[in-house]
Amino acid sequence: MAKKILEVHELTTKYITRQGEDVYSVDHVSLDIEEGKSLGIAGESGCGKSTLALSLMGYYFPPLHYTSGEIIIDGKNISGMDPDVVRKTVLGTEVAYIPQAAMNAMNPTRKVGKFIEDVIRAHELPMDKKQIREMAEQRFALLGLPVDALDKHSVELSGGMRQRVVIAISTILSPKVLIADEPSSALDVTSQKMVIKMMKDMLAQGMVKSMIFITHELPLLYNVTDDIMVMYAGQIVERGSAHEMVFDPIHPYSRGLMRSILVPEEGTRDVKLTAIPGTPPNLKHPPAGCRFADRCRYASPACKVVSPPLLDIGGGRSYRCSMSVEQLKEVYGNED
Amino acid sequence: MKTDEMNPAVVADNRESVSFGTRDKDFSKEPLCLSGRGVTRVFHTGKVTTVAVDHVDFDFHKGELISIVGESGSGKTTLSKMLLGLLEPTEGEIMFQGKPRDISTGAKKREYWKGIQAIFQDPFSSYNVFHKIDSVLLDCINMRGGKNLPKEQKIAMMTEACSFVNLKFAELTNKYPFELSGGQMQRLMIARIFLLKPNILLADEPTSMIDACSRATILDMLLKLRDETGMTVIFITHDIGLAYYISDAVYIMEHGKFVESGKPDKVMLEPEAPYTKRLISDVPKIHEPWDLSTVELLQKA
Amino acid sequence: MKHTLKNVFHSPRFLVGFIIFMAILLTVLIYPYFVHRDPLQGLGKGFLEPGTYVSVYDANNTGTYRVDLPEAAEKRLESTLPAEDRQMMLDFLKAKGVDVSGLDASNDKLEGLLAAWKENYDEADAKKNKYEGFSTQAKRNALRRLDNRISGDNSNVAMSVVRGEGEEATSTAVSDTDYVKVDEVANAITLPLGTDNFGRDTLTELVKATGISLLIGLIAGSIATMLGLLVGLLAGYVGGLLDDVLMFIANIFTVIPGFVLLILIYSALGAESRGITTCAVIIGITSWVWTARSVRSQVISLRNRDHVNLSKLSGHSLFRIVTTDILPYIASYVVMAFILQVSSGILAEAQLSMLGLGPNPNELPTLGLMMNWAKLFGAYTSSNAWWAYFPVILMIALISFSLNLMNTGLDQVFNPTLRD
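Quick note, the sequences are listed as chains A, B and C, same order.
Sequential numbering of the first sequence, starting at 1, is according to this note's numbering.
Sequential numbering of the second sequence, starting at 337, is according to this note's numbering.
Sequential numbering of the third sequence, starting at 638, is according to this note's numbering.
You may find that some hints are simply not true.
Beyond 12 Å from chain B on every Cβ pair, some chain C residues (computed) [said to hold, decoys possible]:
no., residue
1, V653
2, M884
3, L939
4, I958
Chain B regions said to be covered by chain A (calculated; three or more residues, Cβ under 8 Å) [unchecked claim]:
no., segment
5, 398-406
6, 548-557
7, 611-624
No wet-lab data here; the hints were simulated from the structure.
By construction, the Cβ of each residue, glycine as well, lies at the ideal position given by its N, Cα and C atoms.
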């Protein structure tokens, strides 16, 4: 069994609203990623996937607060650490985080190379300007980025190039975990493909040891990551390999999500596109039972009372439903 | 965003899947609803001249669902504004129901807008936050000449429009649109169209800000509206898969030009234009492999 | 709407600013009902310190009471022994060789000085020794008179008052322990802030001036906001040629420094024709530019919002779109701009008046005019009459502070990005 790079046990984080209410956006989430693997996180807006990405960095700032649980990166527990220590010793070296708007995060008055110097300085590494430059050039060449981009200002680069440059800068210290939150959603499809190709290259070459990829675009997720995890209302509802998740989802919610996939290929026009009625529960007052029960067409009265645990069925597969896999398969089969 | 749980205005939605009344119908025999020849729009900013839409030709038939697919910057927003009559083309001609469109005066514009209406991408910016839902719907009745109808009849019309999109009008009175969720707001937009009954509906990315799970509901309501009223729907989108799934005809737009158009099966599965080929191959799919080797990483900065 | 108002009053900044401003406004409105004095009426001559003033004549005609006040004699000596006499005492003591290091001419050292004097002064001794500086007869006499005054402080007769005229005149001896009640004196006046150079009651003048300045600010602010709003709405929404023309005019106003323009218009009008309203109108029409600019940019971003497009598609008229789809969105901003315009109108008036270009000084006082008078008649320098200018400065600062505080408070409520 391969080495586990990231292990998360029962991580819970919350937002404190302006009215002082607690909103648990990440609720007892456990996950792990093996070396060289990638994990995709899918879900509707507001399901907690972006909050999970922020929480995994171990760097919390209001209104987000750490409540409980452990984040272990390559054997090192980073949960509950002082934010300053996290910034110096975890961010950049253990975890790198790329949000959707990352490409607009660069100060337009500074050259790209300067940002790399900043990263090195912030981590107090003993390198002079020449060494930093050499390292940057080497890394850019490996990632297929033009070396002369180092001497350009961010505004001189196209959107896709800018996003790739930001990713290269963020991962210059070869972090163990790369967390990318919708890194390509604002780009055109060709730039998106290039960003994905570069990220996959980084994982293959070991510049990052594992990757968490968050997006609402399921076809993209299917093509990028080894595993897919579906979140709903702050909880994990199902996890499995990308292929199993897309073609053989167990949980009714995952099934609904996968049935909303539309791609330009044969057979798409014959798909029966279905909706899941209703909206997710308000996390200020989460329901007592299964959080999906109100929208689930297979829910029994018991579902609204008893909250099912996340059931591990082996082979890296787990799901959160009170029905057994066989029962679910049967009701799905009756439908089609 | 409010949840349905807190909102009694929403009745349980039993229409869960998209149903097509007129799938694979041949629309070329239907009368022309909107067509254009050499439609061009040029913008001047200082000394820079941008050709946003460059000599496009199109023929939209009655009852047809047309998708205009393009990435950001392709000029699809400018084209949609010209179709709506919010912008005048600098060159070319737009024909409305077979006759050249004339929107030179305010009165003629108002007449044209009885025939074409729109649903926009962002439901949150589509409503005047100071107006209540009643006044949004009443406005539509007034526009259709129902200003002097008795109050009961107006309420009956609004109730009917709301129930068409599975909303309860009685619960919505005296509420503001922002008290609804994004999906519900977009449904209210469809209720608005239901009351206005235009010949053409221009839907500018109506589902791109809606969760995938609610998308089918919106699409189904749009299709049902089309089937009931025979209106032409112009669907503007960047989502190629969605355009393929829903359309009767597809126009692919790049740099202000239509590079390819036709039946979705032909355009999407056997593309001919190089841009369409690249676009289709770069979109991630699930049955066919997504070939990363088609893009070369090293480019000039 | 109700909710927004509630939010506004929950903002501590707005509340503090609002309370200060309301306190000022209420004072301005209520004060005239209690003090019926004409703010420009001269009560005395020149700067009078703050305090209660009693007519000497009337004080003498009031029934007297016998009151023994502790330390009365000493306090009287404090107020009647002039500085030069104290200096003479010091000089004498120094000449006699007494250690005077701990003593000076101030009131709090008076006790020590008197003790030293009583211990060391002896008339015969002074006559005999002819100390340095006190050798002449005249000087020695002066020393003797001084000693008599100091040691005679317990004498019963300090002065006598003659009442009546001619043969009916009676003379009454006034004892040191004779007092009158202040409220029995016919002509007594309390001047909490003294008087200015013309002998006018500074407090009454200040209250009136605050009212006038607020009025000027209000008129100027309303004109500037209205003009700015109109120009901004037209330029932003209609756009095209109208936008170019209006922005050209606005640019001209920006390029010509507003204050210089104000000074030119003002001096051209002449002091006589510069009434309060003229002053306010001129300030108003020279300060609309920035409101117009920011309203325009807000309108431009609103113009492309979908709800405006939908309103157009519904066939609404331009007037209706502007008033129902655009104005409500910028209303909060306009209110904030108005508050700032009022504040800057008040400041502009103060600046102009300070330069002698304010409204006609013979009609009504304004805060700026009061500053101008204080400057002209040397309140800052020769007279050191702080009461003539410091309260005015404080008032300007308070008005400006309260208005700006309300503005930032509103900003916090209306602009969610500034919320913490």
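Checking against the hints above, which ones are violated? 3, 4 and 5
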